[in-house]
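**Q** For what it's worth, the working numbering labels the leading residue of the sequence shown as 1, then goes sequentially.
A hint or two may mislead.
Claimed, not checked - With a straight-line Cα cutoff of 25 Å, these simulated BS3-like cross-link-like pairs (lysine-lysine) come out:
1) Lys46 to Lys14
2) Lys26 to Lys67
3) Lys26 to Lys14
4) Lys67 to Lys46
5) Lys67 to Lys14
6) Lys26 to Lys46
FYI, nobody ran anything at the bench for these hints, they're computed from the structure. None of these values were measured; they are calculated from a predicted model.
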Amino acid sequence: MITELGLSQFYQVKHLTDAYRNIEVKAVVSGMNPGRIYVDDADNIKAALIWVHGQSGYQLVGDAESKPFRSELRTYMQTHILPELMALQMTEVETVLLMIAGKMCLSIWLVQGSLTMARSMYS
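All chains, full assembly: derive it from the sequences and hints.
**A** As structure tokens, this is what we get:
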């Protein structure tokens, strides 16, 4: 089940971001930059959706095959995240790109309040 972590729990996704090149993501996880973190399973974290406040965008890190993210992410974003963004009058959000071992790419974007997700495979 997708869950939002509290700031004091952000360290729990450090293992996902150690090899990640995006310094802003690492800064959110370390608590140095503002952001939010949503995980696939709070008891066994394999993937995380990280809101990077300074980028006004999300980054996905971790296991591309995470079952909770694959099956629940769209609904979670529509019912939890999208209403918050709309309340903040944010109608556009940066594209999210996930590549794990060069094999999967997932893009999520919000334009004019409409959520779109696309998945394609790369080798």
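**Q** Which of the listed hints are not met by the structure?
**A** Per hint list: zero violations.
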